[in-house]
Amino acid sequence: MTSILTLETLPRHQPAAVDTIDWDRLAAPEARRLRELGFDQGVAVEVLHRARLGSGPIACRIGRMTVALRRAVARSIRVSTATLPAE
Amino acid sequence: MELSPLVAMVGNPNAGKSALFNALTGARQKVGNYPGVTVERHSGRLALDDGRAVELVDLPGAYSLDPSSPDERVTRDVVTGTQAGERLPDALVVVVDAANLDNHLRFALQLIALGLPVVVALNMVDLAERDGLVLDPAVLERELGVPVVPTVAVRRRGIDVLRARLTALVGGTTADLRRLRPSDGSVDDDIVTLQRRARAIAAAATVSETPVRRWNHAVDAVALHPVVGPVLLATLLFVMFQAVFSWSQAPVAWIESAFAALDDVVRAAMPDGFLRSLLTDGVIAGVGAVLVFLPLILILFLFILVLEASGYMVRAAFLMDRLMAGVGLSGRAFIPLLSSFACAVPGIMATRTIDDEKDRLTTILIAPLMTCSARLPVYSIIIAAFIPARQVAPFIGLQGLVLFGLYVMGIVGAFVAALALRRTVTKGDSSGFMMEMPKYQMPRLGDIAIGLWSRAWIFLKRAGTTIALTTVILWALLSFPQAPAGQKQAEYSVAGRIASGLEVIVRPIGFNHDIALALIPAMAAREVAVAAIGTVYAIDDVEDTRGERSLVDNLRGRWSLPTALAFLMWFVFAPQCISTIAVTRRETNGWRWPAFMVGYLFATAYVMAGITYWLAVFAGL
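The listed protein sequences correspond, in order, to chains A and B.
Following the UniProt record's numbering, the numbering of the first sequence begins with 1 at its first residue and continues without gaps.
Following the UniProt record's numbering, the numbering of the second sequence begins with 1 at its first residue and continues without gaps.
Calculated from the structure, these hints are not laboratory results.
Glycine residues also receive a C-beta, built at the ideal position from the N, C-alpha and C atoms.
You may find that some hints are simply not true.
[Claimed, not checked] If you want a taste of the chain B side facing chain A, the calculated C-beta under 8 Å gives, among others:
1) 68
2) 69
3) 71
4) 429
5) 435
6) 436
[What the hints assert, rightly or not] To spell it out: a stretch of chain A is covered by chain B in this simulated footprint if at least three of its residues, at any positions, have a beta carbon under 8 Å from a beta carbon of chain B; those stretches are:
7) 4 to 11
8) 14 to 21
9) 27 to 37
10) 66 to 75
[What the hints assert, rightly or not] Just the calculated beta-carbon pair ranges, DEER-fashion:
11) A:44 x B:599: 45 to 55 Å
12) B:222 x A:44: 19 to 29 Å
13) B:251 x A:72: 27 to 37 Å
Given only the sequences and the hints, what does the whole structure look like? Please build it.
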């Protein structure tokens, strides 16, 4: 089963990899910073924390770094999971 | 005299660059500024193994040579030899975090491609090992084509080897290498290509990788918890402000008694006259009134430096982002705004880490509304004189409550101002928030001490120059010409006549002649207002020749309660600080924004003080 999963909706602590990034939806400086922080196809990513319920930023592990970003940006990052959770 | 060779330390943020810089140079550091920008230039001398001395400069952390902030621009301009006031470095020390090679090697590759002699410091190898990561520096050397030295800056490991490599590097061949440098700094700019190469090199250099439960994540599970996190942050801030006031009491008393003793010595040693009055009523009273705040500022900075060095500050920004987004700012603005509680000048300088220009400008414009330590002397003396020391609830005194209210007033004012500014003059897309969260680490005492010392030095220099000079000028303006018998000195003098003009404007908001007089020198710094009122009453009070009647008694006798409350409200908003205005001019490259800032803050101060005064009058206070 395949489903479109973004970094915004990825469950916490579920191992995943960056699939595609919708660069057009991001402002130029945001897109550049995202590249500089190592976001690229195939890189391992994991959601570590979500600030409060609702609309706070997300902390995720990308490569060996922990990065905080807003949900709007996370929404443009598609991820794929190797194995989907059992339920 | 020939200049000594220049070596620049450069690397990603959080690579442990400053700790390595401190380890190499020790306390022999100089903090200056690059011309035209407020980016600090940290430099120090390093003696090489063969006895030669080089100048080591610590460049601001950057992610690439494609700058997105003034800090990163300086880094790019220095390493490409285009920074005004700086020569092209003879060599670079590229600092990378051993545990984060994937990312840090990309910038290292860009820097190596510039063609300058490079030595790579593979820093924080101990933390990498703690994370279960074993690296092979020899593979890195082969892949990068430059010397690689494993270091642990905070434990002084690898420093000798690094210095030996530098000694070999800084030599006769630099002149030739300089010509080899690409003139336009054009290296492979494609971040993605470089990033993939960096990842490949990192993978090749990794001997083994055992996944261990990183204790970082355990700490973050608490610090970033949706409920526990904000509670922890609020507790930390509460403890911080509590400490600022309680820990500072003893040292403040020592400084006060030292100045009182100095005053006595001068009074005893000199005959009564103008020179004695200049020294006691002018210099000692003025500088003393300001120096007593040194302990408060140092304690506040101690907390801020420790929070930053430990890595917690970014977590605080993460927690605050939601709230800041509500007024059109980002979590990044939290750090500058928190620093502004000590002093708006370093606060405004700290906005350089905010990428978004509009976001940064808004943060600069509201930073002066955070209650800086210079307002404390004003608040505390007025509160002591007019607010009764009464308990309103168990453990809550009325005086403390009023002080707390003034802090809240500033924060609320700042948020309202941010909302208004983001809809008008700094209109634009909502800014983003994207930040690397560094690993937690134990701050090193030496690094904190060096940071504190440089803050203290800036403050002492200001107290010794700007503030001393202002109080002397005020003393002179207040003392001449001498009032004939029957006339009040404070009204007859030059300063008194200027104040009489200003009084017409501030009379409607309940300010008297003395306040009008104090507001003028308080333009230099808010705390001067207290010194100025003190000087006015010292010169004016003919019966009190020995300076014994306290300022509090004088205030009680001369001001009404509504006037005092209006005065407090005025200082919540009024931009009375030359240094803040100057740093805003430098940070925004012109007079437009500082002029706007001064205008909107004075207007708000006038309106708010007026409302306070008339409400208090009608309430019958």
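Okay, the hints, checked on the actual structure:
A least Cβ separation of about 6 Å between residue 68 (chain B) and chain A falls short of the 8 Å threshold, and the interface hint therefore holds. Evaluation of the residue 69 (chain B) hint against chain A yields a violated restraint, the C-beta minimum of about 10 Å exceeding 8 Å. Evaluation of the residue 71 (chain B) hint against chain A yields a violated restraint, the C-beta minimum of about 14 Å exceeding 8 Å. Against a cut-off of 8 Å between C-beta atoms, the interface hint on residue 429 (chain B) holds, since the closest Cβ of chain A lies about 7 Å away.
The beta carbon of residue 435 (chain B) is positioned within 8 Å of a beta carbon in chain A (closest approach about 5 Å), and the interface hint is therefore held. Interface restraint check for residue 436 (chain B): the shortest CB-CB distance to chain A comes to about 6 Å, inside 8 Å, so the restraint holds. Note: the segment 4 to 11 of chain A has 0 residues with beta-carbon separation from chain B under 8 Å; the three-residue rule is not met and the coverage is violated. Using a Cβ-Cβ cut-off of 8 Å, 0 residues of the segment 14 to 21 of chain A lie near chain B, which falls short of the minimum of three, so the contact claim is violated.
Figure legend: the segment 27 to 37 of chain A, annotated as covered by chain B; annotation consistent (9 residues with Cβ-Cβ distances under 8 Å, at least 3 required). Three residues within the 8 Å Cβ limit are the bar, and the segment 66 to 75 of chain A against chain B gives 7, so the coverage statement holds. For the pair residue 44 (chain A) and residue 599 (chain B), the beta carbons lie near 52 Å from each other, so the given range of 45 to 55 Å is met. The supplied range of 19 to 29 Å is met by residue 222 (chain B) and residue 44 (chain A), whose beta-carbon atoms lie about 24 Å from each other.
Our hint of 27 to 37 Å for residue 251 (chain B) and residue 72 (chain A) is violated, since their Cβ atoms are close to 48 Å apart.
Going through the hint list in order, the structure does not satisfy hints 2, 3, 7, 8 and 13.
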